[in-house]
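There are 2 protein chains.
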Amino acid sequence: SLVLSSQRRIPEFSSFVARTNTCGELRSSHLGQEVTLCGWIQYRRQNIFLVLRDFHGLVQVLIPQDESAASVKKILCDAPVESVVQVSGTVISRPPGQENPKMPTGEIEIKVKTAKLLNSCRKLPFEIKDFVKKTETLRLQYRYLDLRSFQMQYNLRLRSQMVMKMREYLCNLHGFVDIETPTLFKKTPGGAKEFLVPSREPGKFYSLPQSPQQFKQLLMVGGLDRYFQVARCYRDEGSRPDRQPEFTQIDIEMSFVDQTGIQRLIEGLLHCSWPSDKDPVVVPFPSMTFAEALATYGTDKPDTRFGMKIIDISDLFRNTEIGFLQDALNKPEGTIKAICVPEGTKYFKRREIDSIRKIAADHFNQEVLPIFLKVGRNWNSPVAKLIIEEQRLELTRLMEIQEEDMVLLTAGEHKKACSLLGKLRLECADLLEMRGVVLRDTSLFSFLWVVDFPLFLPKEENPSELESTHHPFTAPHPNDIHLLYTEPKKVRSQHYDLVLNGHEIGGGSIRIHDAELQRYILETLLKEDVKLLSHLLQALEYGAPPHGGIALGLDRLMCLITGAPSIRDVIAFPKSFRGHDLMSNAPDSVPPEELKPYHIQVSWPTDAEAEKSS
Amino acid sequence: SLVLSSQRRIPEFSSFVARTNTCGELRSSHLGQEVTLCGWIQYRRQNIFLVLRDFHGLVQVLIPQDESAASVKKILCDAPVESVVQVSGTVISRPPGQENPKMPTGEIEIKVKTAKLLNSCRKLPFEIKDFVKKTETLRLQYRYLDLRSFQMQYNLRLRSQMVMKMREYLCNLHGFVDIETPTLFKKTPGGAKEFLVPSREPGKFYSLPQSPQQFKQLLMVGGLDRYFQVARCYRDEGSRPDRQPEFTQIDIEMSFVDQTGIQRLIEGLLHCSWPSDKDPVVVPFPSMTFAEALATYGTDKPDTRFGMKIIDISDLFRNTEIGFLQDALNKPEGTIKAICVPEGTKYFKRREIDSIRKIAADHFNQEVLPIFLKVGRNWNSPVAKLIIEEQRLELTRLMEIQEEDMVLLTAGEHKKACSLLGKLRLECADLLEMRGVVLRDTSLFSFLWVVDFPLFLPKEENPSELESTHHPFTAPHPNDIHLLYTEPKKVRSQHYDLVLNGHEIGGGSIRIHDAELQRYILETLLKEDVKLLSHLLQALEYGAPPHGGIALGLDRLMCLITGAPSIRDVIAFPKSFRGHDLMSNAPDSVPPEELKPYHIQVSWPTDAEAEKSS
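Sequences listed follow chains A and B, in order.
Positions 1 to 614 (this note's numbering) are the ones given, in order, by the first sequence.
Positions 1 to 614 (this note's numbering) are the ones given, in order, by the second sequence.
Treat the hints as calculated values from the structure; they're not laboratory data.
Heads up, a few of these hints could be off.
One copy or any two copies: either way a pair holds, since identical chains are not told apart in the list.
Stated by the list, open to error - In silico BS3-like pairs for lysine-lysine, Cα to Cα no more than 25 Å straight-line:
hint, residue 1, residue 2
1, Lys111, Lys531
2, Lys596, Lys459
3, Lys346, Lys374
4, Lys129, Lys309
5, Lys531, Lys596
6, Lys531, Lys123
7, Lys596, Lys204
8, Lys527, Lys102
9, Lys415, Lys301
10, Lys416, Lys111
11, Lys193, Lys204
Note that the structure is predicted; figures quoted are calculated from it, not measured.
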């Protein structure tokens, strides 16, 4: 980190171009200098001042009033707002009392000698100013105007800088090799979400891969033992909010590495590339098993910025008279779980409780029991009188309940009860924050490794069959290999997820490098057609080194760092949530003759089908 | 450059992994150190020595012979060549007289304590050693093995390093912003070579763009005034040798810049990123107009490493009696041109002359006349006796003809005659080099700017209509703007090509930033449907700054620098010249049900059609 930051210096923003300086950089130290500036007219005041803007900031330009400069005055007074002008002149002090301390260039102004209108601007569909609210549709339609906003400039420039620092860390400090892998590839078995690209051979298609997974493993076999790529990936998920059909990941793979090696590498990567205007990242990151994350936070991507942990209170209620708790405990794997919502009694009204119960019923088909702890009064709950004093004291102790808190209690099978409370925990946090309670500090970045995932899950459509929790190349946990042949469902994997503030921002694993093991998992356990992966299986037989890697979702990471409401705000030209480019109107119709070289034709849906799908 | 190289230090190649060192880095200075190495078995000698290889080099490992180390010996002696092993031991001196001065690690060897077989290798389809020749098909089929070769490791690692240095130059020194642009876009008008990507909306297609041209211009309108991207581009050209369906360009755009600004930027970029094992790049690069390049070298991408320039000798033969020269000069724009092939008389036999004449006849439908200058004898040519002494002396002076040279003479319309001699110039260079004459120094990198291209060309299929020489966004030369409305064919453009050793490695232009001018060129001169570009035309109306840029073809550049025979040798996973991935067998068939979500079906060609196209 020290090495990286000492290398850094301020770039020359004005080399090779017509300007001598950027608008935002001028200070009292530039007084007397002859400068040439290029920028957009932000606004004009009484034909005396003009404020010029570029990506670096704003500067005040004095419009000359003497007759000899009439042509300069005309140019500067006639040009509409957002026109592009070039001005040359001298940096002078503002008259005493007219300094603007809120403006970084507020001590100076430009005494103009010459001006040139570089391009005029017609009436805008919306004002560029950040405080002017515009719909996202309008912003996407005129993306080139939206990009002029302070926030978009900040987001895209920060993204570029962070990626550059990551590259310096990987290439210059740790000898990684940046290797480009193809995006025109072969369809992955089961890759239902891959875009197809017709080729000129009848019936033959390329596929746009979801990640360079196969290629990075093949690079390891090829002896390129420290690979990374800022990789464009593709996923056709139809319309899903806050997903993009193309997205970017920091893709990394190493030979001769273990799980800890990858974790330390990534911690260093984030530490080194972290924006200097944020608190530094503290390393190493804490780690939690998947089982613990589920039991404590009800999710595999816990937001650890705040508590409200899930507590198992089954033992407390073994002999309860509360009917639905009794019923739950009598079932196999039945449990009772609760979370304590701080000040919930104070802030939660009937409406909030109803919405919480509705979530439980709708998404989990589950009952939730709220208990309100009113100041100086008894517990307020439909079942309060069935909770005996001993239970009450023990619950208070276990859950560290305070006056005015609210307890949400549910009963049922472990995973289901945890998932429900995990969801309600976030729901309650939202509700409390809407009431002004600060639970999740926005300046806090809480990283967490989640490890020891199960290697397989039962298939949703047929629970007697197995599918990979992540992907079929993930290596089993070394302590569990024997279980592969007896109880594969119990095998943990060497997969690791990186979680930030409740969002998964990366995931990876140690891979299988043994051809026989890989074949057993693909063929025998997963019942996949290995023919489609024969090149990979073959590669493992020709001296494949042990290897592992990770991929970080760059769009999501930048979104969390900048606090942007959507990943669309950290991408220059994003698609709408329906996958459209609203600026150019893509995707678009193509005349049939242009489909001909690709030997495809459109199967137009019947009216009935079209109606059904819309 | 000084700043960049002082920042550079040797990366840690062994951080985070099982090895302590790379195989190739150990020297006498490491004597006595305990090391752990991971690598591939290169070869074994008499079960006493084993040579271990990684990307960094080779090291000799002493196989222990004492009984207590029997298990280590067994591991190291049983593992087939190219198996992956991990060894730990001590760096010791080789016994006196056994040092190998040809091997960088030749003074030391490893006294092994422990060994681990990480993965065994089955019998290889070919040997990894560089001197073993294999067909390219085999290399592509087992690309993961081919990547282990010294040459592929060198090519890919150098590529990564050069791109990293380019990024440092652009981002850290000159404030460029690395911005990713979409690859799922809308079809460009006339973009016949764009791959299509079906969407889930019936009849709607994305297109994979040939370059981020539109996006980079829109970024300029958006105030991101120094953009670059290492951009993946796509071009569907069917089967063309030494082209790839996806390729990479260093894509750059700047606001407020002129042609000189871009040229100086690129010269600095190449100077800063140039490999340190080559002679430094000399800047600035020479510049030549398109007209001059055509007249002197018969091409817009002259190889300026050698002479053999085209000389116009029309004036010399105004009164000639040689029939076909007379005929040519009597036609409008008729000229006589010649090149002088040094030592051509010495090296060129009947066979070479026949092949040269065949090229002229086949490709140019043109006659070529050779004149041989034999030592101590008269000129030897079918027309020698028709060349009078005066002409002979003047020709010798003009073309600096020496004994044993050969002159190739042709007559015809300027452009055609130049193109023919340009082609023959390269052909003769190839033939001379096959005979051992060194004309083109392979360590010489001869950069050249070619400028002042015509803005328009007559359309091939309909010469009365115009098409853009490069693309319709190219700005006209400021001195020629008035001609746009009178004689558009005479308008020069602000386009510039960067040529290296006879290959175009980049091209760019100052763009049109005036909406009205852009509309006039698109609609009135080029007769394009402007509806498809309405977003761009609109963007120019909303305060677009003057801007320009360039794109460098990274694959071609790396190919020239490494001296690789094909761009496939500087790409990790290239397609064959027919666009196939021979390793995974892409493109491949897709079951009809997977086409359904995209509302397309295959139009299978009839047998007759299939036969015709094959």
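Violated constraints from the hint list, given by number and in increasing order: 1, 4, 8, 10
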